[in-house]
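Novice: Respectively, the protein sequence lines represent chains A and B.
Using full-length UniProt numbering, count along the first sequence one by one with no gaps and you end on 236.
Using full-length UniProt numbering, count along the second sequence one by one with no gaps and you end on 288.
Quick caveat, the hints were computed from the structure, so don't treat them as lab data.
Be a bit skeptical, because a hint or two may be false.
What the hints assert, rightly or not - Not the full set, but computed from the structure, chain A residues with beta-carbon under 7 Å of chain B:
#, residue
1, L57
2, F89
3, S187
4, E188
5, N190
6, K192
7, Y205
As the list claims (entries may be wrong) - Have a look at the derived ranges for each label pair, beta carbon to beta carbon:
#, chain 1, residue 1, chain 2, residue 2, range
8, B, K29, A, F97, 26 to 34 Å
9, B, K29, A, K177, 35 to 43 Å
10, B, S237, A, K26, 33 to 41 Å
11, A, Q21, B, S14, 32 to 40 Å
12, A, D115, B, E16, 24 to 32 Å
13, B, L240, A, D132, 52 to 60 Å
As the list claims (entries may be wrong) - Here are the simulated BS3-like cross-link-like pairs (lysine-lysine), alpha carbons at most 25 Å apart as the crow flies:
#, chain 1, residue 1, chain 2, residue 2
14, A, K96, A, K82
15, A, K192, A, K174
16, A, K134, A, K73
17, A, K166, A, K134
18, A, K58, A, K177
19, A, K174, A, K134
20, A, K134, A, K26
21, A, K96, A, K134
22, A, K166, A, K192
23, A, K192, B, K23
24, A, K96, B, K250
25, B, K29, A, K192
26, B, K226, A, K134
27, B, K120, B, K62
28, B, K113, A, K26
29, B, K62, B, K23
30, B, K165, B, K226
31, B, K23, A, K96
32, B, K62, A, K134
33, B, K165, B, K72
34, A, K36, A, K58
Since the structure is predicted, the reported quantities are computational estimates derived from the model, not experimental observations.
All C-beta atoms, glycine included, are put in the ideal place defined by N, C-alpha and C.
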Amino acid sequence: MAEQSVGTSFAEYQDFYNAEQETREKIRETTREIEKGLKSVIGVLQGIHQDVSSPHLKLTTEKCRGILSENVKPLFGNLNEKVPAGEYFRYHDNWKFLTTKLSFACALICYLETDLVANRETIASMLGLTIDPKAANIYLDMEDYLQGLLQMTTELARFSVNCVAKGDVRRPRKIFKVMSDLQQGFSELNLKNDHLRRMFDGLKYDVKKVEQVIYDITIRGLDSPQQLKPAEESAQ
Amino acid sequence: MASNNLVDIFRVISQELDARNDKTERIVKLSRDITIESKRTISLLQRSQLQSTAERLATFQKAEYNLARVRKNNFYKLARELENESPFYFNRSYTFGLQEYIEAISFLYYLQKGTLIAHKEVQRSLVFQDVGNPGEKRPNEISSDGKGNTPENNNSVVKDISEKKRISVHVSQHDYILGLMDLTGELMRATINANPVESIQFVQDTNNFLQLVYQGSLALYGYRTKELSRKMSTLLSSVLKIESYVYSLKIRELDTFGGALTTKPIFVDAFGDQQNRHYNDDYDSGTD
């Protein structure tokens with residue numbers, strides 16, 4: 001009797017485990033494809049640090065949007081079919097990296113286009129996702145979105161340095177505005193002592209970096225109207 | 001397309017985040033209470049090893065009562081918290097309580113029936129009828145409040161769920177197998193604590209049982225999680241301990257009588273207590 005019950009229990013566990021692995025493997029097939037799209041978007045986005053002129057930024061974001069809608073969006077639809085309903089968090093670790101990093105990319109694209117921070121719905125729709133856990137098997141989780149925003153601030157801090165290096169001395173102020181707004185927003189959240197919290201702790205260094213850039217510009221009077229030559233007015 | 005209003009974005013997120021974190025906190029608290037109650041029940045059952053048959057039956061009843069109370073007071077609330085949520089998101093917040101409960105209920109089950117409780121039976125014990133009143137109300141107090149049209153005398157939560165809404169605490173196979181690993185440690189202790197003369201059958205059966213579990217667990221080789229690996233090495237040491245205990249019982253039996261222990265009740269009167277004490281000291285290093 002004992003022999004049978006022990007045998008059954010372990011056999012059940014093995015079946016369960018194997019089925020789970022199978023689902024994971026199917027999910028991985030798709031996430032590997034999404035990763036390719038992600039890599040090319042990130043690669044294209046890196047170009048903003050070389051050429052900060054408005055036409056180039058416009059070109060960059062257009063190109064990124066093209067990749068997203070062609071190579072990423074349909075794949076998330078594909079992934080949605082592979083994730084069993086209601087089991088988002090069971091397999092979350094398989095795509096958490098992707099949704100976080102893609103949130104970052106989308107937030108940066110939106111920022112470059114509009115100088116504003118995109119909300120979760122906007123970013124989710126760029127990826128062909130929803131934000132409603134009940135509407136689909138896979139969606140854009142709040143924590144992934146927030147982590148994406150924090151990754152964007154790090155990128156923007158670097159961008160502000162490169163803007164000045166390439167002659168655009170106006171943009172850092174705009175970047176600073178959005179970063180301090182984000183800092184304000186994040187500080188109002190009751191974060192647990194988790195990964196998100198540690199990322200938020202790093203935000204102040206990004207803000208400081210932009211402050212330093214602005215200080216350098218201001219003390220030299222580089223952004224005063226007399227100093228600005230027409231050619232340097234690259235940002236609109 | 002991009003919202004200008006960061007304040008709006010963060011207000012919505014803040015509410016959602018707080019709700020999620022608060023829920024996690026409540027679940028962790030419930031899980032901790034479940035752990036405490038389950039541990040108490042396990043200790044109670046461990047003590048039953050030295051009791052007479054009649055006392056032991058009373059202890060089992062007490063243990064059953066304890067577990068029923070845990071289900072009613074803690075698991076029911078947990079099920080309510082998990083309603084319409086992904087159990088997988090909160091699993092890490094309640095898995096330890098659940099594992100401890102599985103350990104307790106499977107220990108009781110083994111002592112009563114000499115076999116392993118099935119996964120579906122554990123799961124069945126954690127299905128409740130939703131009585132629609134968050135937090136305070138207990139499942140079998142519904143009859144007194146006007147809200148539910150539940151029949152009187154609905155003492156068993158699991159019974160008579162028919163068309164009512166069911167809620168449950170999801171027991172994953174992972175939780176179950178981890179709870180089962182914990183059970184083996186308790187069985188090792190119970191065996192060492194048992195009277196080797198009166199309970200010789202129990203000792204031998206449990207020895208076999210643990211060997212079976214170890215044998216079964218070897219099939220999981222290659223897909224162990226970190227936690228399972230740790231528990232499996234504990235399992236092996238339990239198996240080795242119990243095996244050498246059974247061996248030494250046999251040697252002693254041969255030394256003393258050259259025959260079967262069970263047929264020589266005089267052994268109890270002459271040496272029982274002292275001998276027991278000796279083995280307890282030797283093997284039962286794990287007791288609290």
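Novice: Could you check the structure against the hints above and give me the numbers of any it violates, in ascending order?
Specialist: Numbers 1, 3, 7, 15, 17, 19, 22, 24, 26, 28, 29, 30 and 32, in rising order.
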